Structure formats: C-alpha cells, structure tokens
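**Student:** Line by line, the protein sequences are chains Y and H. Under the working numbering, the very last position in the first sequence is 210; numbers go up by exactly one each time. Under the working numbering, the very last position in the second sequence is 514; numbers go up by exactly one each time.
Computed footprint of chain H on chain Y, listed as stretches where at least three residues anywhere in the stretch have a Cβ under 8 Å from a Cβ of chain H: (1) 78–91; (2) 147–160; (3) 168–174.
Facing chain Y, from chain H, some residues (calculated, C-beta under 10 Å): (4) S123; (5) Q126; (6) L135; (7) V140; (8) Q141; (9) G143; (10) E163; (11) A385; (12) S466.
These are calculated hints, taken from the structure and not from any lab test. Computed from a predicted structure; not experimentally measured. Every residue gets a Cβ at the ideal spot worked out from N, C-alpha and C, and that includes glycine.
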Amino acid sequence: MSEAALGRLYEDGEIVVRQGEVGDCLYVIQDGTVEFLTEEDGTEVILRTAGANEVFGEMAIFERQTRSATVRARGPARILTVDKKNFMRRINEDPSLAFNLVVTMSHRVRELSHEVVQLEAELRSLRAGAGSAHADG
Amino acid sequence: MATAHTPTAESQSSAGDAALVDGSRVAVIGGGPAGALFAHFLLQMAERVDLEIGVDIYEPRLFAKPGPVGCNMCGGIISESLVQNLALDGVRLPKDVVQRGIDSYVLHMDVGSVRIATPNEEMRIGAVHRGGGPRDVTEANWESFDQHLIEMATDSGAKIIPARVDAVTRDDGRLVLQVRDGEPQTYDLVVVATGVNTSILKTFEGLGIGYERPQVTKTLIREYFLGQDVINETLGTSMHVFLLNIPRLEFAALIPKGDYVTMCLLGDEIDNALGDAFAAAPEVRAVMPADWDPEVKSCQCLPHINVRGVEKPYAERLLFIGDSGVTRLYKDGIGAAYRTAKAAARVAIFEGVSEDAFREHYLPVCRSITSDNRVGRYAFLLTQLAQRLRFVRRIILYVAAAEQATPRRRPRMSSILWDMFSGSAPYSDIFMRMFHPVLIVRAALAFPATLLSRTPRSTPGAHAAISTKENR
Ligand SMILES: Cc1cc2nc3c(=O)[nH]c(=O)nc-3n(C[C@H](O)[C@H](O)[C@H](O)COP(=O)(O)OP(=O)(O)OC[C@H]3O[C@@H](n4cnc5c(N)ncnc54)[C@H](O)[C@@H]3O)c2cc1C
Numbered sequence: 074m075s076e077a078a079l080g081r082l083y084e085d086g087e088i089v090v091r092q093g094e095v096g097d098c099l100y101v102i103q104d105g106t107v108e109f110l111t112e113e114d115g116t117e118v119i120l121r122t123a124g125a126n127e128v129f130g131e132m133a134i135f136e137r138q139t140r141s142a143t144v145r146a147r148g149p150a151r152i153l154t155v156d157k158k159n160f161m162r163r164i165n166e167d168p169s170l171a172f173n174l175v176v177t178m179s180h181r182v183r184e185l186s187h188e189v190v191q192l193e194a195e196l197r198s199l200r201a202g203a204g205s206a207h208a209d210g
Numbered sequence: 043m044a045t046a047h048t049p050t051a052e053s054q055s056s057a058g059d060a061a062l063v064d065g066s067r068v069a070v071i072g073g074g075p076a077g078a079l080f081a082h083f084l085l086q087m088a089e090r091v092d093l094e095i096g097v098d099i100y101e102p103r104l105f106a107k108p109g110p111v112g113c114n115m116c117g118g119i120i121s122e123s124l125v126q127n128l129a130l131d132g133v134r135l136p137k138d139v140v141q142r143g144i145d146s147y148v149l150h151m152d153v154g155s156v157r158i159a160t161p162n163e164e165m166r167i168g169a170v171h172r173g174g175g176p177r178d179v180t181e182a183n184w185e186s187f188d189q190h191l192i193e194m195a196t197d198s199g200a201k202i203i204p205a206r207v208d209a210v211t212r213d214d215g216r217l218v219l220q221v222r223d224g225e226p227q228t229y230d231l232v233v234v235a236t237g238v239n240t241s242i243l244k245t246f247e248g249l250g251i252g253y254e255r256p257q258v259t260k261t262l263i264r265e266y267f268l269g270q271d272v273i274n275e276t277l278g279t280s281m282h283v284f285l286l287n288i289p290r291l292e293f294a295a296l297i298p299k300g301d302y303v304t305m306c307l308l309g310d311e312i313d314n315a316l317g318d319a320f321a322a323a324p325e326v327r328a329v330m331p332a333d334w335d336p337e338v339k340s341c342q343c344l345p346h347i348n349v350r351g352v353e354k355p356y357a358e359r360l361l362f363i364g365d366s367g368v369t370r371l372y373k374d375g376i377g378a379a380y381r382t383a384k385a386a387a388r389v390a391i392f393e394g395v396s397e398d399a400f401r402e403h404y405l406p407v408c409r410s411i412t413s414d415n416r417v418g419r420y421a422f423l424l425t426q427l428a429q430r431l432r433f434v435r436r437i438i439l440y441v442a443a444a445e446q447a448t449p450r451r452r453p454r455m456s457s458i459l460w461d462m463f464s465g466s467a468p469y470s471d472i473f474m475r476m477f478h479p480v481l482i483v484r485a486a487l488a489f490p491a492t493l494l495s496r497t498p499r500s501t502p503g504a505h506a507a508i509s510t511k512e513n514r
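Looking at chain H on its own, in the form it has when it is part of the complex (with noise of 0.2 Å):
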C-alpha cells in the first residue's frame, strides 16, 4: 500500500519484542476522556524515563463549542473514586469545569425518599459537562469537561488532528491511518478510544484481529435549564436517583450542574415516550420546580452505553480503551476510562507495543473490571427486584432510616446504596455487603415493620446521613 513516508523511528518489528523508541509516533483515535488522558499519561511517564516521541490525537469534535458539535453525551458524574485517583496524579479539575461539586444522593421510591450524605458535608463526587453545553446556550460560563482534558493532552505535548479517521490498515506490521483528504499515516501504536457512538468500530472486525464490537443499549439524555439559583432550591448539591416502577425504566437519575439539569434515563428500548412518563411520575415533580414544564427541554440525545467489553482489546500496536474496549457496567464510565487508559500508557511505554505484552500486562486490567461486571449484573438483578415489589422498596428504605436513627450502628444499607449509585467500590464489593448477615437479620426485622407502614426518624448531619420522607 503506498503510503507517504513519514519517518517512523527504527524499532524491533519482530513479534513480541516490538517497542516505543525515541521518535516513535502514535495515534490516539478520539480525543474523549480515555484518548486525552491515555495521551497525558504516556507523554508524562515517557518524559520520566527520557524517552521522545510523538503523539497524535484526532478528534473532529470541539468541546468548547455548544450542542452535539462538542459534546461526548453523557450524565456528567465524575465518580468519587475518579475525582481522588486524578486528584493523586495531579489533575485538577478546576471550579469552572465541576459545574457542582455533589456531597449527597437522594434514593426517590414511590414508598419514600432516602438521602445519604458524605461524611463531613464534603463534596466528593463532581457534576461537570461534556461538551460547550446544551443547544441553547451562546456561549458557554464553563469549561467542559473533556476540553478540559484535551488542553491538559496538549499541554503534556500531545498535537490535536481536528480530523476524522476513516480507516485503519496494516502495512509490514504497522497501522496506516486514513482521514478524508489527507495523507496516509503510519504509526508505531494505535490507541482507538472514539467510544461507541461512531461507526468506525466496524473498520477494526474487518482486520482480522479477532476484535467484535461492544455490545451497547440505547439511552436518553435531556438537558432541562433550571438556573442555578432554582437548583441551589430544589435539586441542590444532591444526585437523585429513582426506583420507579415505571415498565420498560430501569434506572434513571437527575444530576444538577450549574444552572442545568441532566436527566439520564437507562431501559428497554428507550424512547420519549419513556422520557415523558418519567418526567410525569409524582417523585420526579416533588424534586423539581413547580413551574417545570418538561416540554421545555434545552437539549435530548439518544446515545449508546457499553453494556458488554469487548473480549480481545488489543492486538499488535493496537489498542483499544475507555468504552471503546472494556468499561464498567452502568456506572463510572469515566472511572474506567481513566482506569484503562493509564493501564494502557503504562504498558506500552514500560511492557512494549506487541500483543504478547498487551495480553500480558493490558488485557488483566481489562479482565478485573469484566469479571466485576458479572458481578455487577447479580447486584442490578437486585435492584430491578427491588423495582418491582413494593416490600423490598419498604424494607430499603426502613433498613436505611433506622440506620440513621442509631448514629452510632454501622450504616451497612446506607453504604451499599452509596456506592451502588455513586458506583465508586467494586460490584464485587457491594455484592459480597449485600448478603452480610448482619443486613440481612436487620432486613428481616424490619419486614413486621414496614407492614405497618412506620419509618423511623432520621437526624440530619450525621455520617452517612439518610433523611426520609413520606411520599404520597
């Protein structure tokens, strides 16, 4: 295949030993959150050990702007353990990117609502955007997200293709880049990150590397303007999640930003329809405004979720992270994005670039946050059990209230909740606290109980604090 010479460094290319060499090049397909951050890192870690070379990200969007030009469509949490993992290695995420710092999550059921606090009022988890913002807005008094992180690529050396690539082939062992319009480019790795929402995922089943696309479910995303002063009222600095018995809803959550808020909504083959019974249900207008008219949305998008990694996702000088590759099941899609790509940057500048070393060094990482996944899915069978008997909704919510009422007992559902939602622990994790004997004989206790209808107290403040109140 003819291809302009670009002068890619000397490197071994005998299988299994291949490796980055000072004036290696590689490409990051997709300047999302895992290609900026997969970028950042290997720039930094080659630096640390005085090797040069070069990076590309292409990325035909541009966070800054508003509307889906600019925007990786998303609830915008960034998960607890995330905003501690890249505070450790440095990355700041300024004010004007976390459009809210988030300290509590407000569990909505029909049987009542359930609040559970960080421990010291401390703002743990960070609602920011995406993109430049919803449709409606001129001009954006925020930094995104993923423009946040793309600077911080660039700053680290990393040049921007505003480009879209078109086709990925081999040539004597390396990967060829095509964009539209411009030359063929040869590179000594291909790091793919464009996530599920392209079309370009097809181009890598066709190359004969035993890679099958993410297994992916469609969403519904609205973005609604409250202000921020009426969210600072209603919503304020809580996520609210809701366990509706709503048919075909699954899960379903409003998140504050700044002066908006996103309603993420996951189910059987999502629709408006779907969007507009959940906008209509009682739960949902006891937290917003009166006044709100769900009509008025300044934003809607129907993007995909990776529910099932890939199998394989790499092969010789080509990898495949964030969701793209393998990601966590409904939660922290960030988290693991952050998670496999700087697993993905380690292995390539300290194991080599050979798909005996991704196998190896990349593909375990990968495998862990699979096999939690499986995991995961037991814990959301739970949770859909949940949805559906009114009982269990009781008991959850009885278990959580009495919790609190006893500041001084270990908040066992309390904690399970939290990071069921703020999916910051492994499901393996919350799975194994799920079936304490402890929560188990407190469940059984209470099951009398919420036959009488009857839901303890709660005090305001406390660790892990849960506030409940009677919905009618």
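Okay, chain Y solo, but in the shape it has when bound (with noise of 0.2 Å):
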C-alpha cells in the first residue's frame, strides 16, 4: 500500500524516463524507490538509487539537453512530475526554491568524488598488483 497519494504509480520494473529522451519537467519520489542506469554496449550498468522526497531528472532542465539516464521503479513506485514552466515561474519569482535542488546536487556531486577516489584507489591497487605478478612472473 502507498504512503502517498500524489503523482503516478509506476509498477515495478516500469520506466519513467529514457535515456536520450528530451526532458520537459522534473520529479519527485512520493513513495517508493528508483534505479538509475546506462546501457553500455548493450550492458546495463545501475549507476545508483533514489527513494522518497527524492528530485530528479532536473539535470536536463538546468542544461537543456537530453535524459542522461534511464529511470526505472524498484518496486511499486510514485512519482510526481513538476512541470519546467510551473519551476521555471516560481524560480524566477522565488530563487530560494532551487536550495533543495542545490542541496541535492552538491550531496551527489560529494558522493561522486568519492566514488571517483575509491576508484582511483582501487585502480591503483590492481595496477600495482599487476606489476608485482609481471615483476615475479
């Protein structure tokens, strides 16, 4: 049963956006969580989730380009879509109501610099494995 009882209801494994597509509005997770992911070479790479009280998609507003993910439910999901007109009037009258998108941004821009250093170590630690197989090879 939903705890919420705006927005639309995706069922499980349904997607909400498409990767490429253009992006006329962003969302909110009422309910529910969401998967991220990009098709690399025909392989499906889940970059991350999302769950309640969650925005996304805002991405392709901000920089007028095309959905750089796709959006899949993870079970039974609700989501509310904000039209770009509607944020774009009310930003233009309140600038405040970009701060929970900055917060959002910046809290994923710091777990992505830590991704990017976790897997800078991780590198180093294989290449430094490799050689010292090859120096005792």
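Now that you have both chains on their own, put them together as the hints suggest.
**Tutor:** This is the structure:
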C-alpha cells in the first residue's frame, strides 16, 4: 500500500524516464524507490538508486539536454511530475526554491567525488598488483 | 505603555535598517497555512544563515478537533502548482493528509459535461480536510492539512501559543501583542496571518499604518458523508465544477475527499436557499448517488472569502500574509498563502524588517498577484457570460470535445478550462490564450454545428482527455 496519494503509480520495472529523451519536467519521488541506469555496449549499468522525497530529472532541464540516464521503478513507486514551465516561473519569483535542488546536487557531487577517490584507489592497487605479478613472473 | 520585560534583541531601531539578529523574537498571528508556512520557512532560512531567532505562533484553533473549533473553512483543494512547489520545497503531503488524489475536472453544464484529465492519469491535485472534519466525526481517520503544516512548523522550532490575540499596539517602534489573561509580549517582527474570518483586522486599521481590511464576500460550504466506496463509484477522482444558470450562483464545485464530499458555492448574497437550489439541480443529482438526501449534511458554514486584497500589506516590523493581505481571486488561496508566506520569510531574513525593505521586496510579490487578479476578473466575466448564454456553453462543450476527437490537435479550450478551474496558471496567461486566433476560429467554426446540437464523441484516456455526455 502506497504511503502517498499524489503523483503517478509506476509498477515494478516500469520506465519513468528513458536515456536520450528530451526532458520537459522534473520528478519528485513520493513513495518507493527508483534506479538510474545506463546502457554501455548492450550491458546495463546501475548507477544509483533514489527514494522518497528525492528530486531527479533536473539536469536535463537546467542544461537543456537529453536525459542522461534511464530511470526505472524498483518495486512500485509513486512519482510526481513538476512541469518545467511552473518550475521556471516559480524560481524566477522565488530563487530559494532552488535551494533543495542545490543541496541534492551537492550531495550527489560529494558522493561522486567519494566514488572517484575509491575507484582511483582500486585502480592503483590493481596496477600495483599487476606490476608485482609481472615482476614475479 | 507597561510591558513585561521580554528580552528583545539589540537591533538597530532607526527606520530603514531594522533587521532580525540573533535573539530576535517573531510573532505570527494565526497558524493557518500562511502562518504555519511562514514560520517553517523563516526558521529554515534562519538556520541556513546561522541566525538564531524565536518564533511564536498564536493560534486558538485545534486543527485535530472535528467541527468548527478545528477548521479553517475551505474547499480543500491543493492546486497543481502548489503540490509541485511544496514537493520541491521538501514539504511532503502524505496519504493521511491528502484524502484523495485528483486527476481530472469535470465541467457540468445544462448542455452536457466535459471531463478534462491530466496526462498519464497522474494525481496532480490534492483534496484535503482543513480541520479534524465535519461535526459528525468522532474520530478522524486522517490528519488535517492545517495540523500537518503546524506540526511541520513546530518541528522547525516554532512555539505554539494556543491563544487568540486580542490587541496589537506599538511601543517604541516595536509591536506588543496582548492575549486575554496574559502578559503583553514585545516582538521585533509581527506577521499577521489571521485570514479574513476574524474581527482582529479592525485593530490594524486603528494603528494608523495605512492598512485597510480586504474586501470579502460570503460563501457557502457543506459537507456530506457518502462513504469511500460510494464516492469511488460516483464522483471518483475528479473535482466537479458547475456552470449553471441559477440566479445569484456564480460558481459551484463538488470536491470528493475520503468519505466526504465538500460542496462549495460562490455567488451574490449566498444563503441556504441558494445551496438548496443548487443541490436540487439535475446536473448535481446526476453526479451524486441516487439516494442522496441534500438535507442530511454533516456540516455547513458561511465563511468569507477575500475578493480584493489590501493595498499596503506591510508597515515597520509588521507584515500581512495570506488572506489577511493579498490572495488570488477565487482560486488557489492556499497557493497564494504559500507564495506570500515564503516571500515574507525571505525578505525578513535577507532584506530586513523595515517598512522600506517590505515596500521594495515584499510588495512586488503582492502586486504581481493583485495585477493578475485584475485580469482574472475579466476571465471570470467571460465564464459568467457562458453561464448566461446557452450557445456559448454549447461552443465550449463542442470545441473541447472536438479537440479530443483529434488527439494531435493542441487542446486549447481544454487547457484553458483546466487552468481556470485548477487555478494552476496565472490569469494573465489564461486570458491571453482565450483570445488565441486558433481558438477563436475553432469557436466560430463550431457555432453552426452547435445549432445542430451535435457533439463530437471523444476517446478516453488520451492527453487532456475530454469525455462528453449530453445531459437531458
Ligand atoms: C468557500 C471557500 C472555498 C475555498 N476553497 C479553496 C480551495 O479549494 N483551495 C484553496 O487553495 N483555497 C481555497 N479557499 C481559500 C482559502 O481558504 C484561503 O485562501 C486560505 O485558508 C488562506 O490561508 P490563511 O492562512 O491566510 O488564513 P486562514 O486559513 O483563514 O487561517 C487563519 C488562522 O488565523 C487564526 N486567527 C484568526 N484570528 C486570530 C487571532 N486574533 N489570534 C490568533 N489567531 C487568529 C484562525 O484561527 C486561523 O487558524 C477557499 C475559500 C472559501 C471561502
């Protein structure tokens, strides 16, 4: 049973946003979880997940570009659309509306930086491993 | 004047640069949507800039209690744009607050009905109870909207003082509030969010600050218990609006909640008789269950609605937000309360609390609402025209249905109807679209067809779906 009454209900596995589409709205998750994925050479890569109250889809609106990833419901999820027109009109009158978005985005940048550091460390140890294996051999 | 010594912060008292500083005290008179949202946003913004202030909300109502003691009488529609803005602001409206998600409007006229739906069957509008519910509720199985917001404000750090403010006076530039049996309290900023259904607004006219009360008109609200299952089968997830040629009636709506239906009427010298006349109309009987008895109501009230906002909703260290200041004409009053509340919070934190700061930064937001209302008046004149003239109603019905029959056609009429009823776009925007050449051509072409009284059939489920049915 969903804890929210607003937005649209997506079934498990249903696509909310497709990578490459033109975006004219952003989304706020009311209830449930979604996953972000991209396709690389025919294989699916899950980038991250998001849950209740999280906003997504803002990148395509700010950068006027196509959707950077596919978003899919993981389990049933209720999602509210925010129209670009309403959003832009409001943000013009009330720039503080962007504050939550900035918090979300800076949170993501922090997560990504953390991941980059981790990946670099892994890469280094892999290289070191490969190097020592080579020396041994 | 003798006031109890309350520690107000040392802030500059010279006019023009008054500002909130650490330790400042803010009073909010009224904890309806305007007051609660203001307190929440003010404290949230203060925290962001590391400012420590105290906020007291004076509110005598208990929003969790059934009946008039807990209710700020209204239709309880949370507009499409407000739903979206609150979501972006991180204000969640859970299921026990939103009693029903609304995905469509049905316009009922003597010539037929038109259904206008949101794309993708999305619940874009919320129907809420403002209080603990109609008189006959013993224990509400929901949380009222006003209760939800006031809890959010207390979570943000606001303190609720469960009392009615009886008097407001000035003392050395600051404002002093008086409640019965209480010590006078001095504040650095007082925000009036009392709505229009209160006598206290007269006090402010006596302060010599150029404040004149908003103009109001009486409305009628009734609540009917139908039960969830019956509502699902009858009114469903649509708000039903009526354009009927009943004398004195301007606008009427039936709004489905969980177990209840709210009837809202606007018009001239609204009274019970007008309510009865509306309830007896065949268009109304057609959407309500067959055994519905309009006499058996759970609650009824005749609240005022603000139809002309105040010219000067501010003075030194004093602001009027929500209905007690400026609101949108007839529609989305809570959305306007949100806009003015948030603007007030922003200005108080970032621009100061002087009269100059308010004039420069708060007034423009109020003005934009007021000037849009001016256009709104003309838009409503046109709907009144439709109400009086049968052929105009036929054209509306015909064009909307024809748009539907051709899904690739831009739904111009339906989007106008949607925005007019849902209150989700500025009136100026809607008004411009009313005179779009394409729409005028469509209407002109429809005219002969309406004389033959044929209405194109529509397909359900498409973008901005319109279904029409001829009422006998
Ligand atoms: C018939 C009708 C239908 C409506 N339908 C809708 C709708 O569907 N959707 C919508 O968005 N808007 C609707 N509105 C408009 C909406 O009700 C108002 O715009 C909204 O309530 C304004 O909020 P507010 O906080 O300014 O005032 P209010 O909601 O009136 O709240 C004011 C608060 O101040 C308190 N108060 C008053 N005096 C004092 C005092 N002296 N001391 C302390 N506290 C005090 C009151 O107890 C109350 O809690 C409708 C209005 C009417 C009349």
